[in-house]
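There are 2 protein chains.
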Amino acid sequence: MKKPLIVQKFGGTSVGSIERIENVAEQIIKAKNDGNQVVVVVSAMSGETNRLMDLAKQVDDVPCARELDVLLSSGEQVSMALLAMMLSKLGHPARSLTGGQAHIITDGQHNDATIKHIDTKVIKDLLAQEQIVIVAGFQGINDNGDITTLGRGGSDTSAVVLAGALAADECQIFTDVDGVYTSDPRVVPSAQKMEVIDFPSMTEMARKGAKVLHLPCVEFAWSNNLPLRVLSSFTPSQGTLVTGDIGDKPVVGIAIQREMSLIHIDNTYLSSVQKQCQMLGIAIWNVIEHPERAGIVIKRDANAKLSLVFGDKIRNSEEVSLLTTVGLQAKGLKDHAHELLCQQDVSVSHISTTDRTLVFVVLPNCVDKAANILHDAYITESEAFDCQQKHAFLD
Amino acid sequence: MKKPLIVQKFGGTSVGSIERIENVAEQIIKAKNDGNQVVVVVSAMSGETNRLMDLAKQVDDVPCARELDVLLSSGEQVSMALLAMMLSKLGHPARSLTGGQAHIITDGQHNDATIKHIDTKVIKDLLAQEQIVIVAGFQGINDNGDITTLGRGGSDTSAVVLAGALAADECQIFTDVDGVYTSDPRVVPSAQKMEVIDFPSMTEMARKGAKVLHLPCVEFAWSNNLPLRVLSSFTPSQGTLVTGDIGDKPVVGIAIQREMSLIHIDNTYLSSVQKQCQMLGIAIWNVIEHPERAGIVIKRDANAKLSLVFGDKIRNSEEVSLLTTVGLQAKGLKDHAHELLCQQDVSVSHISTTDRTLVFVVLPNCVDKAANILHDAYITESEAFDCQQKHAFLD
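Taken in order, these protein sequences are the chains called A and B.
The first sequence begins at 193 in the working numbering and counts up by one.
The second sequence begins at 193 in the working numbering and counts up by one.
Looking at chain A on its own, in the form it has when it is part of the complex:
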């Protein structure tokens, strides 16, 4: 029988020191000993990319994009070599591959390249020789053989695209948290780790502020029917499995997105501002169509850019946060949730819904309170309720 193939991705913190590299090596060996073929994607050691970027900035404020990629890609070359050495020392033959050696072909967009194709023959040959294959994340080569890098979240992208190309059985993203939570546990103390989350819910959670997975990675995995698992590099656990097209929970989680701006616009300009935003590459998170209080919600750091273009058409802007309840029945909770928030003096600037989301635009200083209110009402309480029902049934 063919062995299952898993792709494991370890970020910069996970390989940030020799001790941690040893810890990572042990996790890889465990997966191999469990009967899997293992391909590993690594980031640069934490701090390394910043160190290299500092050097580049000392040369030029806007360094030559091609050469910046040559520079930055050296970071993963260091971590992957150290990890392969560690595995060899522990008795498990391993081979490291740069983006180019792994035939990860990208477009030519230096510093923000997109993977076009991966020729997996080299990797498959090494797997057939029982090797553990370590691939540099975040990097590839273009058609000319120039080194390219993928931009933000690059190593996660490398891992899921590689897992897709290899038709892997699972792509495991090792990070500094031990899974996907029903909300940010630093804000909502009762937030719980999920064992499983469905792709559409995970997509909405990522889109609306959950930082644990990058949205494009979730979308790619979903469209390739590739199970994703988020788990901790430091604490052994099963983490959270992202899989399935339909979830069964009415409410899955509460996502928080801070540092947003609500831009009030004269209603007559709304559609032209929307068009202009598209041309400028500014993502609109919410559109508020209202004869007197029309507006859009964008990231705060895109605000200045927009003000430059629309000085006179923008009435004013205010800092806001977005609180998104995700789940099959989230939108049905609109009035009930609004009432709950009002009862506890959370002032809501705007409400919108989609098929699986209920979005409140609130002031930044009450988003944490609001998150706890909704989480307690629809996630903690509902599970307590489920529990009570079960107990009643069993008694």
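Since the hints were made in silico from the structure, they are not lab data.
This structure is a prediction, so every number in the text was calculated from the model and none was measured.
Certain hints may be false.
Any copy will do: because identical chains look the same in the list, a pair fits if it lies in one copy or spans two.
[To be verified] No more than 25 Å apart at the CA atoms, straight line, and that leaves these computed lysine to any residue pairs for SDA-like:
| no. | residue 1 | residue 2 |
| --- | --- | --- |
| 1 | Lys281 | Glu240 |
| 2 | Lys523 | Arg485 |
| 3 | Lys249 | Phe426 |
| 4 | Lys222 | Asp253 |
| 5 | Lys249 | Leu282 |
| 6 | Lys385 | Ile480 |
| 7 | Lys313 | Gly337 |
| 8 | Lys281 | Leu247 |
| 9 | Lys249 | His284 |
| 10 | Lys249 | Arg212 |
| 11 | Lys313 | Gly300 |
| 12 | Lys385 | Ile565 |
| 13 | Lys497 | Asp458 |
| 14 | Lys561 | His528 |
| 15 | Lys491 | Glu573 |
Assemble the complex: chain A is given as a structure, and chain B must be docked to it using the hints.
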């Protein structure tokens, strides 16, 4: 008319900081503005190779050789990218190439590879586009596409072999001294920088202890009829040109080699010890055939290895230095030089000659004094004498 092509090699100290990289960039631009096509070979920034080696040693005392090459080769990737950025910033388009991208094909001997072939098409195409081409020194790839490194003196080797493959007009080795001296100026205050030195003399100087150029580089350049120039990265000067098959000076220089051992061996074992040394890869610098005082001279750090094998056949060993006078007439000075040294209480353990060398084996504590005596007699004095003759002739 076709522009001259020069290859410039800059070592780790020359690119050890952003300021120094800027200084290097200015020297490259000067060469380009003087009408040359320029290919540059760089080492890793000074300290970087040690830093990487320390990381590897933390993983494993004897790190996996393949992965050590992956690790160490990242060092030149950093320096070449920074240099290319700097050149771009200063308005001169430049392109960096790893050993693999430059198609430097080596054998598979990780950590000590030999260049087999360089396909220069990529470099020539970039030169035709008026680009400055920066190539990572010290590295290549083997036939499988694995990264390899060349071992000691690797970047110098990269530079001369690349210059040979490109049929360059000159290969310039930038270093921390401003040329080749008649002897080590730290030892012999009257040592003079040479403007020109012939290949056979340079070969003997390098073989017998002059550190400024690695012997295999000189031999390669000589056999490829490639003019070499040694010059300072820090002080502008013409440096020293190494060229020509025959020198015209009776005595060219005095080379000093320290940290040697004179091993006394029973005469009957001499030939078997010589054979064994060859098998062990221990270089014999001198053989002393004598019924009672037979022996060989080897590097001190090979002594332990030899003792292990020949415990009982070795009578004793003593620390010595070698002092080699190089030049067409050096061997003819044997008796005169010996007398000079004896007059000044330098005790000589052994004397030998070759076509272009006169070698004294002396005690380490008198090699500096001996070097000054011979240098004064055959180089400083002889030039004073030449001068007097010229003056007499002109008067």
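Hints versus structure:
{"no.": "1", "hint": "Lys281 x Glu240", "verdict": "both (24 Å within a copy, 23 Å between copies)"}
{"no.": "2", "hint": "Lys523 x Arg485", "verdict": "within (22 Å within a copy, 101 Å between copies)"}
{"no.": "3", "hint": "Lys249 x Phe426", "verdict": "between (33 Å within a copy, 24 Å between copies)"}
{"no.": "4", "hint": "Lys222 x Asp253", "verdict": "between (45 Å within a copy, 24 Å between copies)"}
{"no.": "5", "hint": "Lys249 x Leu282", "verdict": "between (39 Å within a copy, 14 Å between copies)"}
{"no.": "6", "hint": "Lys385 x Ile480", "verdict": "neither (33 Å within a copy, 79 Å between copies)"}
{"no.": "7", "hint": "Lys313 x Gly337", "verdict": "both (18 Å within a copy, 14 Å between copies)"}
{"no.": "8", "hint": "Lys281 x Leu247", "verdict": "between (33 Å within a copy, 14 Å between copies)"}
{"no.": "9", "hint": "Lys249 x His284", "verdict": "between (40 Å within a copy, 18 Å between copies)"}
{"no.": "10", "hint": "Lys249 x Arg212", "verdict": "between (29 Å within a copy, 15 Å between copies)"}
{"no.": "11", "hint": "Lys313 x Gly300", "verdict": "both (23 Å within a copy, 21 Å between copies)"}
{"no.": "12", "hint": "Lys385 x Ile565", "verdict": "within (18 Å within a copy, 83 Å between copies)"}
{"no.": "13", "hint": "Lys497 x Asp458", "verdict": "within (18 Å within a copy, 87 Å between copies)"}
{"no.": "14", "hint": "Lys561 x His528", "verdict": "within (17 Å within a copy, 98 Å between copies)"}
{"no.": "15", "hint": "Lys491 x Glu573", "verdict": "neither (32 Å within a copy, 80 Å between copies)"}
Checked against the numbered hints given earlier, this structure breaks hints 6 and 15; the rest are met.
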